[in-house]
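Undergrad: Here is what each chain is made of, one letter per residue.
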Amino acid sequence: DIQMTQSPASLSASLGETVTIECLASEDIYSNLAWYQQKPGKSPQLLIYDASSLQDGVPSRFSGSESGTQYSLEINSLQSEDAATYFCQQHHDYPFTFGSGTKLEIK
Amino acid sequence: QVTLKESGPGMLQPSKTLSLTCSFSGFSLSTSGMVVSWIRQPSGKSLEWLAAIDWDGDKYYNPSLKSRLTVSKNTSNTQVFLKITSVDIADTATYYCARAYNSGYADYWGQGVMVTVSS
Numbered sequence: 129d130i131q132m133t134q135s136p137a138s139l140s141a142s143l144g145e146t147v148t149i150e151c152l153a154s155e156d157i158y159s160n161l162a163w164y165q166q167k168p169g170k171s172p173q174l175l176i177y178d179a180s181s182l183q184d185g186v187p188s189r190f191s192g193s194e195s196g197t198q199y200s201l202e203i204n205s206l207q208s209e210d211a212a213t214y215f216c217q218q219h220h221d222y223p224f225t226f227g228s229g230t231k232l233e234i235k
Numbered sequence: 047q048v049t050l051k052e053s054g055p056g057m058l059q060p061s062k063t064l065s066l067t068c069s070f071s072g073f074s075l076s077t078s079g080m081v082v083s084w085i086r087q088p089s090g091k092s093l094e095w096l097a098a099i100d101w102d103g104d105k106y107y108n109p110s111l112k113s114r115l116t117v118s119k120n121t122s123n124t125q126v127f128l129k130i131t132s133v134d135i136a137d138t139a140t141y142y143c144a145r146a147y148n149s150g151y152a153d154y155w156g157q158g159v160m161v162t163v164s165s
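Which chain is which? The protein sequence lines are L and A, in order. Our numbering runs 128 ahead of the 1-based position in the first sequence. Our numbering runs 46 ahead of the 1-based position in the second sequence.
Keep in mind that the hints are not guaranteed to be accurate.
Unchecked claim - Cβ-Cβ distance ranges computed for the label pairs, FRET-style:
(1) L:Pro168 with A:Gly72: 19 to 29 Å
(2) A:Lys51 with L:Asp129: 23 to 33 Å
(3) L:Tyr158 with A:Pro60: 39 to 49 Å
(4) L:Ser159 with A:Lys112: 22 to 32 Å
(5) L:Gly196 with A:Lys62: 42 to 52 Å
(6) L:Asp156 with A:Lys62: 38 to 48 Å
(7) A:Ala136 with L:Ser138: 22 to 32 Å
(8) A:Lys105 with L:Glu145: 43 to 53 Å
(9) A:Ser122 with L:Thr146: 39 to 49 Å
(10) A:Gly103 with L:Glu145: 47 to 57 Å
(11) A:Gly56 with L:Pro187: 34 to 44 Å
Derived from the structure by calculation, the hints contain no laboratory data. For glycine and all other residues, C-beta sits at the position ideal for the given N, C-alpha and C.
Isolated chain L (complex conformation) (with noise of 0.2 Å):
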């Protein structure tokens, strides 16, 4: 199976900062990168997929990266609304395989 490896476990930013968090994954999975964000209670939502494009309806300051098998997601000027638990999930092979994911929080 490959393994995503996420960090931070969790991370406090404040409201206007830019925060990012980031996916390794064990072997090359060619881009086929996916984050998602999950508030309490709720279901995942989709936000990234293909490492940066950006799902329908997702605000644009929600971003997407990768650097060899280094995944990255960036959220520039945070608003109250982005606290909430956000996975990667590489969609390259299965089993499908998603990080321990990054909880947020907006001071």
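Fit chain A to the known structure of chain L by using the hints.
TA: The following block gives chain A in isolation, referenced to the frame of chain L:
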């Protein structure tokens, strides 16, 4: 409008078989490229991909659970089912079904159904 909704028993005893149903609308599983997956999440933990079935009836399983899983769909391509045999406490989780189209990422998710395994 694409919607998915999971249903299940809520609670069951260890060693029993868990049967889950994913009912969906707004798309057909007979459409080339369409896939419905099952994913679970224990409370406070990350997500675990379990199984998937595609428009052609091909099935995919997580090897860590493969011997216990069976995924299937109905003939009208409006429901997908998941059976997990010999459940134990570690199977307690919220179970989601999700759609993927021409890809492996899930663009639509159900609301999830909580399943508790307890004696």
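Undergrad: Against this structure, judge whether each hint is valid.
TA: Here is how each hint holds up against the structure:
A C-beta distance of roughly 26 Å is found between L:Pro168 and A:Gly72, which places it inside the suggested range of 19 to 29 Å. Between A:Lys51 and L:Asp129 the beta carbon distance is about 29 Å. The supplied range of 23 to 33 Å therefore holds. Here the CB-CB span from L:Tyr158 to A:Pro60 is close to 41 Å, well matched to the stated 39 to 49 Å. A hinted range of 22 to 32 Å for the beta carbons of L:Ser159 and A:Lys112 is consistent with their spacing of about 28 Å.
L:Gly196 and A:Lys62 have their C-beta atoms about 46 Å apart, which keeps the hinted 42 to 52 Å range intact. At roughly 41 Å, the beta-carbon separation of L:Asp156 and A:Lys62 lies within the given 38 to 48 Å, and the hint holds. The beta-carbon spacing between A:Ala136 and L:Ser138, approximately 25 Å, falls within the hinted interval of 22 to 32 Å. Look at A:Lys105 against L:Glu145: about 45 Å separates their beta carbons, and that is inside 43 to 53 Å.
For the pair A:Ser122 and L:Thr146, the supplied restraint of 39 to 49 Å holds, since their beta-carbon distance comes to about 48 Å. A:Gly103 and L:Glu145 have their C-beta atoms about 48 Å apart, which keeps the hinted 47 to 57 Å range intact. Between A:Gly56 and L:Pro187, the C-beta spacing of about 36 Å keeps the proposed range 34 to 44 Å intact.
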